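Working from the sequences, and respecting the hints, build out all of it.
Protein sequence lines correspond, in order, to chains A and B.
Under the numbering used here, the first residue of the first sequence is numbered 4, with each subsequent residue one higher.
Under the numbering used here, the first residue of the second sequence is numbered -15, with each subsequent residue one higher.
Keep in mind the hints are simulated off the structure, nothing from the lab.
None of these values were measured; they are calculated from a predicted model.
Some hints could be false.
Claimed, not checked - Some chain A residues flagged as far from chain B (calculated, every beta-carbon gap over 10 Å):
#1 Asp207
#2 Glu260
#3 Asp501
#4 Arg521
Said to hold, decoys possible - Facing chain B, according to a computed beta carbon distance under 10 Å, are these residues of chain A, among others:
#5 Val109
#6 Ser119
#7 Asn132
Backbone N, C-alpha and C define an ideal beta-carbon position, used for all residues, glycine too.
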Amino acid sequence: MDVQHDEVGIEQGVALPKTPTGIDGLDALTFGGLPTGRPTLMCGSAGCGKTLFGMTFLVNGARRFGEPGVFMSFEERARDLSVNVASLGYDVDALVAAGKLVVDHVHIERAEIEHSGEYDLEGLFVRLNHAIDSVGAKRVVLDTIEALFAGLEDTAILRAELRRLFAWLKDKGVTAIITGERGEGQLTRYGIEEYVSDCVLLLDNRVIDQVTTRRLRVVKYRGSAHGTNEYPFLIDGEGISVLPITSAGLAHPVSHEAVSTGVPGLDAMLGIKGFFRGSSILLSGLAGTGKSTFGAAFVDAACRRGERCLFFAFEESPGQIVRNMDSVGIKLRTHLDSGLLQFEAARPSLYGFEMHLARMNRDIERFKPSVVVVDPISAFRGPSMEIHATLIRLADILKSQGITTMFTSLSTANDQMSEGERSVSSLMDTWISLSDMEANGERNRVLYLLKSRGMNHSKQLREYRLTDHGVEMIDAYVGPHGVLTGTARVVQEARERDADLARQQAVERRRRELARKRAAIEREVAEKMSLLEAEEQEIATMLEQDEAREQSITDDRVRMARLRGDST
Amino acid sequence: MSVGITSEGLTEDGSYNLRLYVAGQTPKSLLAIANLKKLCEEHLAGRYHIEVVDLLVTPQLAAGDQIVALPTLIRTLPPPLKRVIGDLSDTEKVLVGLDIRRRDLN
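Spelled out as structure tokens, the structure:
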């Protein structure tokens, strides 16, 4: 934005001085605000928020920019006006008392006035001049000056006088907003755009499919570049905000940092142990597959890291989400209490897409989260083109601010992509699909990564369970007929366990048998050895007896010989 | 209000309190003043009171009487408040606007 602003300035040489309106987005798309010291025409049909726009311009001027203002109302009385804008949090009476604002109600009742001869609107000039000088006003709103046409005859005089009035406002150097009722075939009912042509804003309040969307368009802005599209804007208790221009270029900041998914098993499936910071993640799945739980786990992990998280809930109330997540062991309450987590809940049908977008954008600007969860995008129903445009802009806004975002989407059965999914799938960096596998009379939850840009990731189907301590990934069990889940997996596991046991028992048995065999053989050997030993002993005894006998024989022979020899 | 009127005796004798708003001594202002004086002399001789307010001198008075167009003639008394805008050159319209014509007819 700033870059573009600079370019405009260079092209023009001297940039047109501008007066900021203080309305988020409007100053951005007009590159600074309304032309200073010139009147701006703001037209739109009844109920478009012209008066509120005008009052916001003045209140912001008085409060934030130190520029007092004059509100000249031709329709609402000062009292009604201050009550009406109190709903936006504007304390008009206090500003009036502080001398920062003058509210003058100009009332003309045609029936009460008789015309006689020529007149001019000098009275109006005097009043306006007096009001401007009394507070030193820099900003003026005339709402709706065309009411004069209804109150006074002789439009020729009126037209001449209005022309003079706008010239006079310029001379006076005040930045003015002149509101006008939308007319048939022209911008305003009485064609006053002829006189106020420096800057023309068009407000619109369109109803499509029973949903209203307010839009703003800068029709012309003399001497300045401006956004040319229709931009949605929002009026609520926080004032007015206009959705800024979508960044046309894909120049998002890129991060290499990994952000944990909050589910350890899922982190492991992603090549970098998490999502890239600032990336967009789509989590699609059937009803009851735990999309919100994954979202909550992601938020929980971010809050534990001390990051700010914004949770847009379109189907459940914050209280309900907190309660439900308690049941899976994700304590969001503590993060809410610490202020790191904020819920923004609204029914999708409450506003049109554009309004939602404007609201979300404003919430993001205010809260400055680093993690956002949108749960779910499928809640938006309507023409696919509009959903697409809305989601693209949302994804763009988030990406340009480096916010890691998880979008959940409810898919219908039969793997058919919902409108929302189809339109955003190409914008998403990571797409996780959650689904049910039905087998053996039960449903089991499985997860797989359809894509994850810029990282290697698991291609496996993984079963997961929602336990009382969060999401638990279970190791994949691939059987002959695909991935086994639930009881089928349990049965398979049991079967394998049995086989294991049987194998172990067989080994055991053989080992015992071998031992027994060894014992038997050893016993046999021992037996034979003892027999052998007995035999050996016997033989030894016999040998001894033999030797003894031989000795005695020898002894006898010697004795006999001696006896013989003595005789010889 | 009505008490004030009777005590001052302005309505009982049918007198008129008229206030003419102008801005400066423009030809239009002067013409309106002259027209008003002439008209009053002709139709309300002796029972009128004219107050000329120059908004260039006292601009703060413009808002109170809801002045937009100039010159504006306001009949402050008798009630109700009546207003005529323009230089008062069309005497008939002024007389109708101030409810003088009808009263004369009565």
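With a cut-off of 10 Å on the beta carbons, see whether Ser119 of chain A makes it to chain B. holds (4 Å)
Minimum Cβ separation between Asp207 of chain A and chain B greater than 10 Å? Label holds. Min Cβ-Cβ 30 Å, cutoff 10 Å.
With chain B as the partner, please determine if Val109 of chain A meets the hint condition of a C-beta pair closer than 10 Å. holds (6 Å)
Check the non-interface label on Arg521 of chain A: least C-beta distance to chain B beyond 10 Å or not. holds (123 Å)
Just double-check Glu260 of chain A for me: nearest Cβ-Cβ distance to chain B has to come out over 10 Å. Fine: 62 Å to the nearest Cβ keeps Glu260 of chain A off the interface.
Over 10 Å to the closest beta carbon of chain B is the bar; see if Asp501 of chain A clears it. holds (98 Å)
Was the hint right that Asn132 of chain A lines chain B, CB cutoff 10 Å? The hint holds - Asn132 of chain A has a Cβ within 10 Å of chain B, the shortest such distance being about 7 Å.
In summary, this structure violates none of the numbered hints.
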